[in-house]
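Engineer: Residues 7 to 433 (the numbering used here) are what the sequence shown spells out, left to right.
Where hints are given, some of them may not hold.
Claimed, not checked - In silico EDC-like links for lysine to aspartate or glutamate, alpha-carbon gap of 20 Å or less:
{"#": "1", "residue 1": "205", "residue 2": "152"}
{"#": "2", "residue 1": "191", "residue 2": "409"}
{"#": "3", "residue 1": "241", "residue 2": "279"}
{"#": "4", "residue 1": "119", "residue 2": "48"}
Simulated from the structure, these hints should not be mistaken for lab results.
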Amino acid sequence: MRRKSVATYTLGCKVNQYETALIEEELTERGLRIVPFSQDADYYLINTCTVTLRTDQKCREYIRSALKRNRKAKVVVTGCYAQRSPQELKKISPQCQVFDNSQKRHIAGCLAKEVFAIRETEESHGKLRFISRFPQHTRAFVKIQDGCKSFCSYCIIPYVRKEVSSRPLSEVLSEVNILVDSGYKEIVLCGINLGNYQKLVPLLEKLNSLTGLERIRISSIEPLHINQGLIAAMKSFSKMCHHLHIPLQSGDDHVLKIMNRKYTTGDYQKIIEMVRKSIPDVGISTDLIVGFPGETERRFYNTYDFVNKMGFSKMHIFRFSPRPGTVASRLPGRVSPSEMRRRSRTLDNLEKELREKFYRQYLNKELVVLFERKVQGKRENGRVFHSGFSSNYIRVLAPASEDELNRLVSVRIDDVNYRFAIGEILH
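With the sequences and hints as input, model every part of the structure.
Structural biologist: Here it is as structure tokens:
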């Protein structure tokens, strides 16, 4: 009998990527075949994000492209957009089957049985599942926390991932051991609000002692969750990556207040200085929102000046997108789309300058790189280039053989630009 095929596509955060990979693994165990999203499939699974209007639009585009590819296929839609607006998605086509975030664990069973009415059976919720592979990734994401109750005024996530929970430490360790046995050298700890994990430093200590694991990376963590205990762990635990992604969102105190961010620029600066004092080579990246209601020209340039002073290694810049039901969607003082685009370009240019400045510190120095993939079209004197990341999250390119993939290799940096550093492997 022909094995049914499933094509998956994930939008949004690392937690979504982890959850898709977990579903894919169970689908494979149940006898279904995972195929690329660009191919014809019996089922299409789209794990959605609803952080901005643009991500909503992209989700709908992927649903329609799947239906166009195979009009007989069932399109399974899950994730945060499915949680927020299930009826909106069902209206796209009768072929759409919507599962909210709490129902994700049932998806593989429903597809395997071709039954789309969810039944709470022992099989569907009694088995503790671990992920053992992360397709097309050298680094494996491990979800340790879910949910958020911070209620930043612009954010829809507390409404679509309401339940705050931490995975038991023993469960996380079991999963990481499985991933290490599968050949993964680096794991990335992720969560919806990672700093709410109840035993983060004890978990890091346990992970640091695992044989075979070579790197531990923390994904995005809120500034008020960074404390001396975490900094000491990053400094003293040999496997900890020296990189933190610490969302700022605005460099203006008035805007931060109406965002309900619960810190000032002064608080944020003290945290960054505390981290850098202990870990001088740390890379610190951030998120910024431009065009938030009430962000005047002066307040925008307060952000520009503050960001410049902080010297981030990388910045993700988003234009404000009103989410229905949030406080910010009802605020006065909207910024025009054209002005948001201008401000976004201005910060983007600064971002490139700051990133290159950070990379330039490592010219003629050595970085340890975990090589991840071949760089398509990049050759020099017949040598093939591969790319990977340093501990402090600098993307490094170097001529390398297949043997260097998924290995930590020392590289001398010979040149940099704002996109990456280029070097030679030190044998």
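Engineer: Hint by hint, note whether the structure agrees.
Structural biologist: Results of checking the hints against the structure:
Between residue 205 and residue 152 the CA atoms are separated by roughly 14 Å; this keeps the pair inside 20 Å, and the hint holds. Distance restraint check for residue 191 and residue 409: the Cα-Cα separation of roughly 15 Å lies within the 20 Å cut-off, and the hinted pair is therefore satisfied. Our distance criterion of 20 Å between C-alpha atoms is met by residue 241 and residue 279, whose separation comes to about 14 Å. For the given pair, residue 119 sits about 13 Å from residue 48 by alpha-carbon distance, which is consistent with the 20 Å threshold.
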